[in-house]
Amino acid sequence: MILLTAVALTALAFYYVFHVPEQAAPAPEKSRVTFLQERKEVVYENLRDLNFEFKAGKFPPADYERMKASLEQEAALILAEIAELDAVRASSPEARKGQRN
Amino acid sequence: MSSLGSFALLLALSLAAYCFLAGLWALSRRESGSELLVETARRAGIASFGMVALASAILVVAAFRNDFSIAYILHHSNRALPLPYKFAVLWSGQEGSLLFWSLLLSAYGLVLRLRYRTDERLFAYASTVIAAVQSFFLLLLNFAARPFAATPGQPGSDGNGLNPLLQYPEMVIHPPMLYLGYIGFTVPFAFALGALAMRYPGERWIHITRRWTMVTWAFLTCGIFLGAHWAYYVLGWGGYWGWDPVENASLLPWLTGTAFLHSVMMQEKRGMLKTWNMWLIFSTFLLAIFGTFLTRSGVVNSVHAFAQSSIGDWFVAFLAVTLAACIFFYAKNRAHLRSEHRLESLVSRESSFLFNNLVLLVACFAVLWGTLFPVISEWVEGHKVTVGPPFFNKVMVPIGLFLLFLTAVGPLLAWGKTSFSSLRQNFLWPASGAMAIGVLLVATPPAWGAPFGMRPWQHISYFYSLMAAMLGTLVVLTVISEFLRGGRVIAAKTARGLPLSMVQLARRNTRRYGGYIVHFGVALVFIGILGSALNRDAEKEMSFGDSLALGPYNLVCRSYTQEETPNYSANIAIMDVLRDGRQVDTLYPESRFYAATEQPQHVPAVRSTLREDLYVVYEGQNPETGRPIIKAHLNPLVSWIWIGILVMASGTILALVPNRVAAPAALAAKQGADAQMHPAPVGAGD
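As they're listed, the protein sequences go chains H and B.
Under our numbering, the first residue of the first sequence carries the number 731, and numbering increases by one thereafter.
Under our numbering, the first residue of the second sequence carries the number 1276, and numbering increases by one thereafter.
Honestly, the hints are just simulated from the structure, not real lab data.
Note that beta-carbon positions come from the ideal geometry of N, C-alpha and C, so glycine has one too.
Keep in mind that the hints are not guaranteed to be accurate.
[Stated by the list, open to error] Have a look at the derived ranges for each label pair, beta carbon to beta carbon:
1. B:R1474 to H:I812: 19 to 27 Å
2. B:P1359 to H:P758: 47 to 55 Å
3. H:Q767 to B:W1704: 35 to 43 Å
4. B:T1393 to H:Y745: 24 to 32 Å
Using the sequences plus the hints, can you model the full thing?
What follows is the structure in structure tokens.
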């Protein structure tokens, strides 16, 4: 009885592991643009937090302006790089082919 | 049944090993078709959970059926053992607890493998790392600590029974909590090592593991404090923390894990401390394994430790291989961990996180040193030099107070740099409140109650208690000020009342405000601990009608009685508790004798109030006079520790709740922010 159960368990495990029902698609690689979009979201969240904390009276105006300028500069750099990469992607042969279709 | 259990464990090992090797092969080669191999590896990982669950179920059923042909059941159970404790048999011995450990690890792996669509490649790496850890524990279970090993010879009609110290309701919860905490750190570790190995771009792996880490930390925190609560109510020595090596072992990953939880925010928000965080989570995982090694190898003596065994060598080898893998991937990909920002000022939120991390690491090192010193001294000098509570208290109390100070200060500092006017603006009234409490505690007459009338110049412990009270107040006031300030902004915008606005505030940024509630709980715990400087005790041989005075209480012995159960026999003292001449309670301390294990056990009786605990122990009979001995402890403020833990747990639960979706107006503002690169007007991080 135990032997039969053991054989059944092994067969079940083999079936489950190796019977992959459909062709597994390759997982996409994370692109630089995706990374920059994530980074942009973080900087925006930091800006929103800063704005809220300023309204809550945690920082004097001078500190707030300094921190805001620093974060906005960081956001600007990220946006510029995203725009640059988008432009490169738009001018790539695959993108042009896609536009023609 | 035991053969089936052994077979399930062997199959689980094969599946976990396949998951690891196939995953490693596919991810390192990245050839066409490797996706299929990754998928089969994922499925093998899932199937391994099924096999470990089956083996665990068989062991529990064997305990319920009193199957003493399995040596483990014979040694850790008996027929008269109450049913709930038969579940606890699973983790009450070396082999069973390793099986339970494997079960929890497989369960974590199962959840991870089922959620792989979040980021398939990253999850495949993490799954491979977890499979490696699973394989190690399954190797142990198959070859070094076999839970289904047969009883040599003819099994007896009854078992040896469960350790009496474990026959307590909390023992059914404490080890699983602690294990969930220990093992849970495998998940962030696996993601961190995976992200480093694949040079994962960005910090999203931290975002993915944030909840895992918080849940794990919460389990470990609850596990540690349940252990302290158990020690307080079961061991009968009147305290809750004895700096025992096994207690310390649980504290080590908690300290580095707490440091990681804080510093990882700097990586998420500012792209800083990437290398530091990577090594913090590596250290946390290694310390969790190291703690397991200490508990199970017999290297240190402890009431909590398992018997001496040979599995210590396996753990040493595993620790060495894991450390080597961490060093290898760090050396190979360290350029990937460059910081995006530098520390601008020493007075900033970044620096407060950094100090917090350094202090936590110093604390970790001190605990590690004190725990290992007896082993090191024996190795170097040939005899054990014991390091007791005085060493730990001397070192850890100032460290704890500094941490409490940072807990109060950190949230009020700005990212980047904090100006003097900002400091003044934020600290004025919390600091004034803390000073006022300090003055109150020193200036009021001692007759008003235990915590009052402190004289910090009389003894260092009074000074520490006073500092803990002041800093605890500072933390509480800074948390309140954060809620009030944020609530006022929401109230002004939504025209709601302040209490409702504060609730809305917490729901908009659960992580931050949940974190503040955790800080509030930490302050309560410290306030509870400060009471230990004022502990008192008294001991007396007591016959009927005798009384014992302790502080405001008078204990009067009403009578003694006996109780017989199939599991134990007990002598019980019936003590009336009088305060100001009026009876306020009756306590029943017990002295038990467990038949199966032939071990005595004192069960203290505790009258607990917010002000103090009256803790009474029936210590047995004086062999010379034959009179019963009663020992009573008066422990001020202990309840605040347990309340603080509940507050900490509530804060963690709040932090785990997803932020409430922003209102349409805020969403529109967010879109505007995307377009104009300006922040939304009200956010609290939403």
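key: Hint check for I812 (chain H) and R1474 (chain B) - Cβ pair distance inside 19 to 27 Å   = Once the Cβ atoms are compared, 21 Å apart, the range 19 to 27 Å for I812 (chain H) and R1474 (chain B) holds.
query = Does the Cβ pair Q767 (chain H), W1704 (chain B) satisfy 35 to 43 Å?
reply = 42 Å, holds
Cβ distance range 24 to 32 Å for T1393 (chain B) and Y745 (chain H), holds or violated = Hint holds: Cβ distance 27 Å, inside 24 to 32 Å.
inquiry  = Assuming the hint says 47 to 55 Å, is it satisfied by the Cβ distance from P1359 (chain B) to P758 (chain H) or not?
reply    = 50 Å, holds
In this structure, none of the earlier numbered hints is contradicted; all agree with it.
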